Structures are given as C-alpha cells and as structure tokens.
Amino acid sequence: MKILAALIRRDLTLAWRQGGGVGTAAGFFLTVVVLLPLGIGPDQVLLQRIAPGALWIALLLSVLLSADSIYQTDFEDGSLELMTMGPAPLEMVVLAKAFAHWLAAGLPLAILAPMLGFLLNLAPELVLPLTVAMVIGSVSLSLLASLGAAVIVGLRRGGVLVSLLILPLYVPVLIFGVSASRGALAGPDIFAPSLLILLAISLVALVSVPVASAAAIRAYLK
Amino acid sequence: MELTGRNLACERGGRQVFAALNFTVAAGHALILRGPNGAGKTSLLRMIAGLIEPAEGEFVLQGGHQDLEPGQQAHLVAHQEALKPALTVEENLQFWAGFLGGGDIERALEALNLTALAGFSAGLLSAGQKRRLALARLALVPRAIWLLDEPSVGLDAASQVKLQALVHTHLEKGGIVVAATHTELGIRDAATLDFSELAA
Numbered sequence: 001m002k003i004l005a006a007l008i009r010r011d012l013t014l015a016w017r018q019g020g021g022v023g024t025a026a027g028f029f030l031t032v033v034v035l036l037p038l039g040i041g042p043d044q045v046l047l048q049r050i051a052p053g054a055l056w057i058a059l060l061l062s063v064l065l066s067a068d069s070i071y072q073t074d075f076e077d078g079s080l081e082l083m084t085m086g087p088a089p090l091e092m093v094v095l096a097k098a099f100a101h102w103l104a105a106g107l108p109l110a111i112l113a114p115m116l117g118f119l120l121n122l123a124p125e126l127v128l129p130l131t132v133a134m135v136i137g138s139v140s141l142s143l144l145a146s147l148g149a150a151v152i153v154g155l156r157r158g159g160v161l162v163s164l165l166i167l168p169l170y171v172p173v174l175i176f177g178v179s180a181s182r183g184a185l186a187g188p189d190i191f192a193p194s195l196l197i198l199l200a201i202s203l204v205a206l207v208s209v210p211v212a213s214a215a216a217i218r219a220y221l222k
Numbered sequence: 001m002e003l004t005g006r007n008l009a010c011e012r013g014g015r016q017v018f019a020a021l022n023f024t025v026a027a028g029h030a031l032i033l034r035g036p037n038g039a040g041k042t043s044l045l046r047m048i049a050g051l052i053e054p055a056e057g058e059f060v061l062q063g064g065h066q067d068l069e070p071g072q073q074a075h076l077v078a079h080q081e082a083l084k085p086a087l088t089v090e091e092n093l094q095f096w097a098g099f100l101g102g103g104d105i106e107r108a109l110e111a112l113n114l115t116a117l118a119g120f121s122a123g124l125l126s127a128g129q130k131r132r133l134a135l136a137r138l139a140l141v142p143r144a145i146w147l148l149d150e151p152s153v154g155l156d157a158a159s160q161v162k163l164q165a166l167v168h169t170h171l172e173k174g175g176i177v178v179a180a181t182h183t184e185l186g187i188r189d190a191a192t193l194d195f196s197e198l199a200a
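As given, the protein sequences belong to chains A and B, one line each in that order.
The C-terminal position of the first sequence is numbered 222 in the working numbering, with every residue numbered one higher than the one before it.
The C-terminal position of the second sequence is numbered 200 in the working numbering, with every residue numbered one higher than the one before it.
Just so you know, the hints here were simulated from the structure itself, not pulled from any lab data.
It cannot be assumed that every hint is accurate.
Derived DSSO-like pairs: lysine-lysine, alpha-carbon spacing no greater than 30 Å straight-line [claimed, not checked]: (1) B:K173 - B:K162; (2) A:K222 - B:K130; (3) B:K130 - B:K173; (4) A:K2 - A:K222; (5) B:K162 - B:K130; (6) A:K2 - B:K173; (7) B:K130 - A:K2.
What you are looking at is a predicted structure, and each value in this text was computed from that prediction instead of being measured.
Looking at chain A on its own, in the form it has when it is part of the complex:
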C-alpha cells in the first residue's frame, strides 16, 4: 500500500508542477462550455435541455486531453521498466496510476462541471444528480483513458489515437451518465437504474482495465 501511495503522490506532484493535469483540462472544459452557447444562441429553453449532455461530452473530452501522458514519460525515461521490477505487481501499479489520473483530472472536473452548468442554464435541481453521476462515471472515464494510454505507450504522438480508441468505449458511460443526470426530471424509475448501470460500468472497468493495461505494457517492453 505504501508503495502505491509513493507512486500516487509522485504522479500528483508531477501533474501539479508540469501542468497537463487539472489546470489544462479545466481550462479546456471551461472553453467548450463557454463556446457552446455562443454557437447555439441564447435560446434558454434549448440550452437547458441540452445542458446535461453538453456537460458530459465536455467532460469526456477534457479527461481524454491528459490521457496520453499517463504512461508516456514514464515509458520514455525508463521508469516504467523499473516499475515492472518493483515489489508491486504491474496490475496494481497500473491501477495506482489510473487512480492518480482520476484524482488529478477526473474527480476535480466531475465536481467542477455542474458548477459550470449555470453557463448553460442548467436546471438547479439537476446539479446534485449530475454531480453524483459524473463522480461515479469519471472513475470509468479515467480507467478507460489509462487503458488507451497503455495501448499506445510505445508510439510517438499517440495522443489522437487514444481519443479514437477510447471515445467509442465512452459511449455507454455517456448514455447512462446523461440519463442519470436528468435525475428526478426523467422520473425515479429511470434515475436509479441508470446510476446503478453507471456504477456497474465503473466497477467492471476497475477490474478489467488493470489486467488489460498491464498486458499491453508488458507486450511493449518485451
């Protein structure tokens, strides 16, 4: 546990000092959310209707923005090789790195997003369901992003490729995330099941992503 804590602490320090973490992602998020009403026009009813979906799409893209850096520098400077020689299994190392990415990008954005909802005339009673859905959904967003980063780790300039590989995998998160975000407005018989499915997606990702990422990284190092 101490071992993984050392890794998480280092990744958070690096994210903080080098930027590319929450700062850039939050700036990107803000820009997308500001641009949207400019493009659509000041139709308040329309904005209110699309607000949850628009915030979710902005969240997906912002989380992806910092994804390719999860393993890239560690691969290039040889740290990743040494991590495979450490006492912790690579699956746990990978999970710790995904967790650090969630702490540095996924979680702050999920909390920030509903607050930016006022720019899109988000209905006030949706703020809480949206926050809950985004915090749960962002776990799988960070995990899947780290899987994409692991798959392209040996490629130069693989950033765009991560987006191409991972965005399709985000579709279920988006669908159930949005339907959970509509919360009480959509009726309780839609809100609760959507939230549970979102939770299930995150749990499945939690179990399967470390195994897949570790396998991808081992294949590259060989």
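Once you've looked at the hints, dock chain B against the given chain A.
Structure of chain B alone, referenced to chain A:
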C-alpha cells in the same frame, strides 16, 4: 547465492543476437560483459531483469528469495536514467525509496556525492550528475543483484572512484554485479564474458 544462466539464446526482431550462452556468478563476484556494439550485452542484462524473455534457456538463482523473480531482487541502471526533471534530486530518490519498499536517502546522496544537490531540480543536472543520481538508486535500496549498463559513461574521475567503492562494498556484503562496459571499471577479481567470442 549464485546466479546461473543456462544455454541462453536471444532473438530481437527475428535476428539471432546470441545463442548457447552460459555463465555463473557467485555471491561476492562480478561479471563484466564485453563485446562490440549490438552483441547483446544490454539484452542479456534486460533478460536477467525479466524485461525480455530468453528465446531459449533459463536463469537459476540459488539462495535468493524463492518467491521473487530474479528481476525483483535486482537493480538495473541502464541508459535511460528514470528521473523526473520536475522533481528535485531528493524527491526523485524519495519516490524510488517508497516504490521499492523503503531506503536510506541520506546514504544514497552521500554515496554518489549528491548531498549538495539534494534540493536542485533534476532537470537542471548535467549528464554526469543525472547518471550519478541514477546510480544513487543502488545505494538507496538494498538489492542483491546489480545490473549495470555502461555505468561509468559521463562520470568524472572522482565519481568513478565513488562508483568503484560502492561496487566493492556491495561485493563484500555478498552481492552480485553484472556490468556491461567498454571501459575499465576497476572492479577487483571480476570474471569477464566476452561476446565477440560467442558470435564466432
């Protein structure tokens, strides 16, 4: 403790790098790998570290931790220094100490003469200083097998002496050193494995 390689073969990208390689290093001894570029010295080190699979043959480690791979009982100092330029010298060592299960940062800084640089960002270090910081990992966390890939590249005379002392202390404690080098490292009683003879 004894590390043995039996009938090892290495294939990289479909090309046979070496075959039928045998070696034995006992505790307290060093094995120096010599040979032309591309002869497979680095590949052998990475094989012992468990980073690449041998195409044939196997490693046997007698007397180490039975439930750990040889690679998990080894330090590898390769060409890539595994340093983060955004962290200070001390923070870099702190991370590896934590990640590798605890180590003595003061001693590691001392061993490679880095104490004065402890608060500097690693991105500001010269090539030789970076190498010293990478080598400091050896003194940081005790591990039985040291795999060194041209460890003296970029080191000044004083640091080379420090490295020699570090290696000798490790050997006296019963450690194993496998080092690939083109220069003279000045390690006492070291056996040599010459790759140029293998190719023939």
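Now the hints, each set against the structure:
1. B:K173 - B:K162: 17 Å, holds
2. A:K222 - B:K130: Holds, because 26 Å separates the two Cα atoms, which is no more than 30 Å.
3. B:K130 - B:K173: 26 Å, holds
4. A:K2 - A:K222: 28 Å, holds
5. B:K162 - B:K130: 15 Å, holds
6. A:K2 - B:K173: With Cα atoms ~28 Å apart, A:K2 and B:K173 stay inside 30 Å; holds.
7. B:K130 - A:K2: 26 Å, holds
Going down the numbered hints, you'll see the structure goes against none, and every one checks out.
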